[in-house]
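All chains should be built: construct the whole structure from the sequences, respecting the hints.
With the first letter of the sequence shown counted as 1, position 109 gets the number 134 in the working numbering; the numbers rise by one all the way through.
Since the hints were derived computationally from the structure, they do not count as laboratory data. Errors might be hidden in some of the hints.
[Stated by the list, open to error] Below are the DSSO-like pairs computed for lysine-lysine, each with C-alpha atoms no more than 30 Å apart in a straight line:
(1) K103 - K215
(2) K411 - K290
(3) K103 - K290
(4) K103 - K411
(5) K411 - K215
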Amino acid sequence: MSDEQTWRAPGSGGGDPAQGGEPQGQRGQPQQPPYGQPQQPPYGQQPPYGQQQWQQQPGWQQGYPPPGAQPAWTPPPKPGLIPLRPLTLGPLLAAPFQALRRNPRITVGAALLLQGIPQIVVTVVIAGAAAFLVSRVASGEAQDQPALQAGLVGGGIVLGALALVISTVFSGLLQGVIVGEVARESLGEKLTFGALWRLVRGRLGALIGWTLLFALAWIVAVALVVAIAFALATIGGTAGVIGTVLVGIFGALALIVLAFWVNTKLAMVPSAIVLERLPLTAAVARSWRLTTGYFWRTLGIILLVGVIVWAITQAVTTPFGFLGILIGGVVAPTSATSTDPLTEVLVAQLSVNVLASVVGAIVGAIGSVIQTAAVALLYIDLRMRKEGLDLELVRFVEGRQTGQDLPDPYLPPARPAAAPPAGWPAG
Numbered sequence: 026m027s028d029e030q031t032w033r034a035p036g037s038g039g040g041d042p043a044q045g046g047e048p049q050g051q052r053g054q055p056q057q058p059p060y061g062q063p064q065q066p067p068y069g070q071q072p073p074y075g076q077q078q079w080q081q082q083p084g085w086q087q088g089y090p091p092p093g094a095q096p097a098w099t100p101p102p103k104p105g106l107i108p109l110r111p112l113t114l115g116p117l118l119a120a121p122f123q124a125l126r127r128n129p130r131i132t133v134g135a136a137l138l139l140q141g142i143p144q145i146v147v148t149v150v151i152a153g154a155a156a157f158l159v160s161r162v163a164s165g166e167a168q169d170q171p172a173l174q175a176g177l178v179g180g181g182i183v184l185g186a187l188a189l190v191i192s193t194v195f196s197g198l199l200q201g202v203i204v205g206e207v208a209r210e211s212l213g214e215k216l217t218f219g220a221l222w223r224l225v226r227g228r229l230g231a232l233i234g235w236t237l238l239f240a241l242a243w244i245v246a247v248a249l250v251v252a253i254a255f256a257l258a259t260i261g262g263t264a265g266v267i268g269t270v271l272v273g274i275f276g277a278l279a280l281i282v283l284a285f286w287v288n289t290k291l292a293m294v295p296s297a298i299v300l301e302r303l304p305l306t307a308a309v310a311r312s313w314r315l316t317t318g319y320f321w322r323t324l325g326i327i328l329l330v331g332v333i334v335w336a337i338t339q340a341v342t343t344p345f346g347f348l349g350i351l352i353g354g355v356v357a358p359t360s361a362t363s364t365d366p367l368t369e370v371l372v373a374q375l376s377v378n379v380l381a382s383v384v385g386a387i388v389g390a391i392g393s394v395i396q397t398a399a400v401a402l403l404y405i406d407l408r409m410r411k412e413g414l415d416l417e418l419v420r421f422v423e424g425r426q427t428g429q430d431l432p433d434p435y436l437p438p439a440r441p442a443a444a445p446p447a448g449w450p451a452g
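Written out as structure tokens, the structure reads:
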């Protein structure tokens with residue numbers, strides 16, 4: 026375009042509308058610019074370089090917003106349980122409770138089926154077995170008391186170990202189901218129990234193995250401290266007593282600190298096993314890396330959710346404990362003065378513990394769902410912060426809406442083969 030076509034003196038009134046001049050109907054009117062448009066500079070009647078052309082391009086007025094307008098902020102998509110962005114404290118605390126409401130057949134149903142009912146059965150069986158063992162000791166002859174008491178202790182150990190194994194196995198199953206459910210709910214999917222079971226059943230063996238191994242490791246650690254304290258107590262004398270007290274105090278403190286540290290660093294192992302389908306050792310290393318740099322945040326949120334669940338559980342179960350005592354007094358009012366030890370044990374166990382245990386098992390199972398869901402959300406949040414998982418989740422949701430067949434976004438990120446991507450420093 027030539028200078029004759031693009032430049033005209035201010036106030037000349039001419040110009041082709043197609044070239045940014047005024048329309049035909051405005052040629053005879055004053056050339057005062059409308060309010061809000063730049064004034065023509067008086068110096069030499071010559072606009073600065075590029076200003077005239079910039080003001081008179083018709084595409085500016087037709088295809089773009091006026092100067093100063095900013096594009097509206099668009100919040101991150103939230104197809105399901107959480108917004109697909111790194112999570113703040115509010116969503117991390119609210120989403121575990123929302124998971125119960127969004128798909129109660131899976132969350133509450135799995136809690137009752139995999140933890141509540143087994144715990145109730147175990148409680149009733151152990152109560153009956155304990156009552157039987159106590160009655161045997163109470164009704165036995167004097168010469169048989171040592172053997173009966175040894176059997177009582179051995180039976181108690183066996184029952185406790187059996188209860189621990191059953192609780193650990195079903196806890197592992199519940200973790201697998203809830204982790205899978207939370208992950209799919211975050212993408213806006215609502216699976217049936219059968220579909221969810223098919224999704225996680227291939228990882229349940231590794232998950233149960235992890236829960237058993239983890240529980241066994243803590244049993245060994247506690248037993249080691251107790252054994253050292255017991256060995257010092259057998260020495261006798263002042264030195265033995267002081268050593269036992271010191272080992273008991275400092276050993277307990279060390280176990281508490283170790284529990285906070287190890288449990289936090291390894292909290293993401295179940296999620297890594299189920300969602301990334303990693304073997305056990307790789308899942309342990311994965312959890313350790315994910316929590317690096319976010320230890321205190323992870324620990325604080327886990328503790329906060331645990332305190333909330335504990336408070337709710339106590340608020341629900343405590344009235345039932347008092348109700349059990351009242352029921353025991355109504356059903357067997359003479360049990361307190363009865364000379365039959367079996368009656369005393371059975372009434373005390375059934376009236377005080379059974380009702381509270383049943384309610385506690387149900388509420389505790391639901392509380393386990395909330396805590397497991399919170400840890401699963403922490404896992405997703407850590408991957409968003411450290412790996413950009415939110416971008417993969419958004420891409421998956423958008424691709425699903427357009428009918429694309431995309432891989433599972435929770436699978437482990439691909440590692441570069443030789444060099445890091447362009448623009449990132451090596452190492």
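Here is what the structure says about each hint:
no., hint, in the structure
1, K103 - K215, "14 Å, holds"
2, K411 - K290, "16 Å, holds"
3, K103 - K290, "29 Å, holds"
4, K103 - K411, "20 Å, holds"
5, K411 - K215, "27 Å, holds"
Comparing the model with each numbered hint stated earlier shows that all of them hold.
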